[in-house]
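S.K.: Spelled out from the first residue to the last, the chains are:
Number of protein chains: 2
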Amino acid sequence: MISVEEARDRILSALRPTAAETVGLSAAWNRVLAAPVIARLTQPPADVSAMDGYALRAADGSLGAALRVIGAAPAGHPFDGRVGPGEAVRLFTGSVVPAGADAILLQEDATRDGDSLRVNEAVVLGRHIRRAGQDFAAGDTVVPAGRRLTARDIGLAAAANHPWLVVHRLPRVAILATGDEIALPGEPIPSGGIVSSNSHALAALVRAIGGEPAVLPVARDDEAAIAAAADQLHGMDLLVTTGGASVGDHDLVIKALQARGMTLDFWQIAMRPGKPLLFGQLGLTPVVGLPGNPVSAMVCAILFLVPALARLGGLPPAPPPTTMALLGTPVKANDRRADHLRATIESDSQGRLIVTPFPVQDSAMLRRLALADALVLREPNAPALEAGVEVRIIRLDSLGL
Amino acid sequence: MISVEEARDRILSALRPTAAETVGLSAAWNRVLAAPVIARLTQPPADVSAMDGYALRAADGSLGAALRVIGAAPAGHPFDGRVGPGEAVRLFTGSVVPAGADAILLQEDATRDGDSLRVNEAVVLGRHIRRAGQDFAAGDTVVPAGRRLTARDIGLAAAANHPWLVVHRLPRVAILATGDEIALPGEPIPSGGIVSSNSHALAALVRAIGGEPAVLPVARDDEAAIAAAADQLHGMDLLVTTGGASVGDHDLVIKALQARGMTLDFWQIAMRPGKPLLFGQLGLTPVVGLPGNPVSAMVCAILFLVPALARLGGLPPAPPPTTMALLGTPVKANDRRADHLRATIESDSQGRLIVTPFPVQDSAMLRRLALADALVLREPNAPALEAGVEVRIIRLDSLGL
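Quick note, the sequences are listed as chains A and B, same order. Per our numbering, the first sequence starts with residue 989, numbered consecutively. Per our numbering, the second sequence starts with residue 989, numbered consecutively.
FYI, nobody ran anything at the bench for these hints, they're computed from the structure. Any given hint might turn out to be false.
In this list, chains with the same sequence are indistinguishable; a pair is considered to hold if it fits within one copy or across any two.
Claimed, not checked - Taking lysine to aspartate or glutamate and the EDC-like style, the derived pairs with C-alpha atoms no more than 20 Å apart in a straight line are: (1) Lys1263 to Glu1096; (2) Lys1263 to Asp1040; (3) Lys1263 to Glu994; (4) Lys1263 to Glu993; (5) Lys1320 to Glu1378; (6) Lys1243 to Asp1210.
Please model the entire structure based on the sequences and the hints provided.
M.R.: Okay, here's the thing in structure tokens:
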């Protein structure tokens, strides 16, 4: 058996990000940048006022001084002239500081009467002036490649004057469920069969991580049917299978895909729930084979598929993000398999995260998996822990998983 | 001035969730459920084996017993007959336990030779049998209304045999930037002007929270232009404006919209960055007016617009989610305005979140806002804090904001 970390490392090291495409700025949210955003202008483009007030020469701004207002410069309408001795120009936050001026008199520190202005608080040279380029200068890298674009990044790219961005193509993921016993929701269910939940749960997970799922028709437990699906993978960046449970997870899938030339790694992973995982390469398409049990499939997807999709989508190779929380109940010592306890999260009175594993962790309980806010990570042979001890968790709620 | 909390409460109490629509299960990820998902079947539908092995009568499963294998029941192919005294049926994980059997002999505890089976470890009545309905029973509410659907919820709804789900319509949000000085990215920039970043940052934020943005054409600082935009709001669930900075945030927007019959609340909020916020009702459409400054606009959007959109989208009224982190540097005592410090997050060697505010918090620094992973919430008049003290934060990174 190999460890979760080793399996993940092997998968990640075999994957390469998708190619780039150009998208409009308005379509770029949550996409992964494939080329850096270089500022095309300087922001602010000139020295601007940080406050509402008046531009003047610092030398003229002593307490009690009297000045003459020679014009105004609303934002977007710079003052053309020059501020000379004894002169002032009305400004607003963001207004360009006119030539000749080097200080700002705040409007609350001034008395104005027609064109006459009195200084009620001495000005300080340069104060309340935002210098040209304080935010960024033309040529600066404002967003680096390899970053998933937030709403704030979109605003910054706009401010840097980019109507188009170069991003990685969304990874296209073919999802193949196999099994004689499964039916799609709303379709006739064979005797003793179950409704297929893996394909659509995995498709949603692919969307959550920023990919494009293609749910292939269910393949019966039949080598030819699985091989036929394997022949239709052109343009797919990844094939995900969920095993037919009838003859041992993966057996038929392996036989069928190997007959089509798949190179194969098949791993027993020291983990629970889960354990068997298939990873291979079928022509240009990497293949990840997940267990058929829906809870095991989802936990394995979180541990292996989420990082794989992030990597395909252009992010650096990395495990799923973890955070720390305090145990709400004691947990038993772990055996030699890494465990992933389904757990709820709540905040205590001081706002700290309290994570409480469900008392029963049966891998057939899909409803309990859906109720979980987090997986508590238990390393192989981890000792028993008391309530209140800090443990590492993967939050599921915030990722839409 | 009013508090952040009071302003948010007033906004949330004025909003009602959008109407419902029916979408296919495959389109329902991240949508907010408008009607509960009631299980249409029982899962497991019958008693099933939790392991690979043999079904038999517990009375026949003592150590050393010899049995006759009378058939097999792969998952999806239940065994039709009945298990009688001295008989066993081959089972796999998920196989229906045949009539007559009440115990499971694990395959690793059995020796098989043709039809002969020897018991190497005594069985326990009922052990390794998952009872019908252990996961859920027909009629159970498996996903409640008002929940944003995760990938796991989609799997559960599929397992409960729902090809369609009833969800809230995505809130449609009109975004109106005003100002003489702003240009869209890639378009000619007026002298002294800036590239408009607010509209597209806000549109991305709307997408991040699960809404449909409509970026209206920029309105010049002109009452008629703003009023014309206000006349085009049919079918919009919310209007968001960002103020023209030239004559004081909001002045023209207020005049123009009031002339169209908007009822108005205009608030000075005891917060930084931000402060002025407009909330009103224009016919059927609520209106939120954000500051024109891009950093203030984005922080106000996170504090007010994110909860407003979540509420419109069908979630219960709630502030943005917060979590706790340890300060990486000391912070100064706060004045009477709630502050929202832009900060980075890292993990220490024990995996705890360390949050470090940027030393300069200038509200003109959009690049720094984009680099932030979190906002540190500082209450009005909060005392100075040392490094290592726990503070409340809003994480920005995980929300795509």
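S.K.: Now look at each hint and say whether the structure bears it out.
M.R.: How the hints compare with the structure:
no.	hint	verdict
1	Lys1263 to Glu1096	between (70 Å within a copy, 17 Å between copies)
2	Lys1263 to Asp1040	between (65 Å within a copy, 15 Å between copies)
3	Lys1263 to Glu994	within (13 Å within a copy, 51 Å between copies)
4	Lys1263 to Glu993	within (13 Å within a copy, 48 Å between copies)
5	Lys1320 to Glu1378	within (15 Å within a copy, 29 Å between copies)
6	Lys1243 to Asp1210	within (10 Å within a copy, 71 Å between copies)
Hint check: no violations occur; every hint is consistent with the structure.
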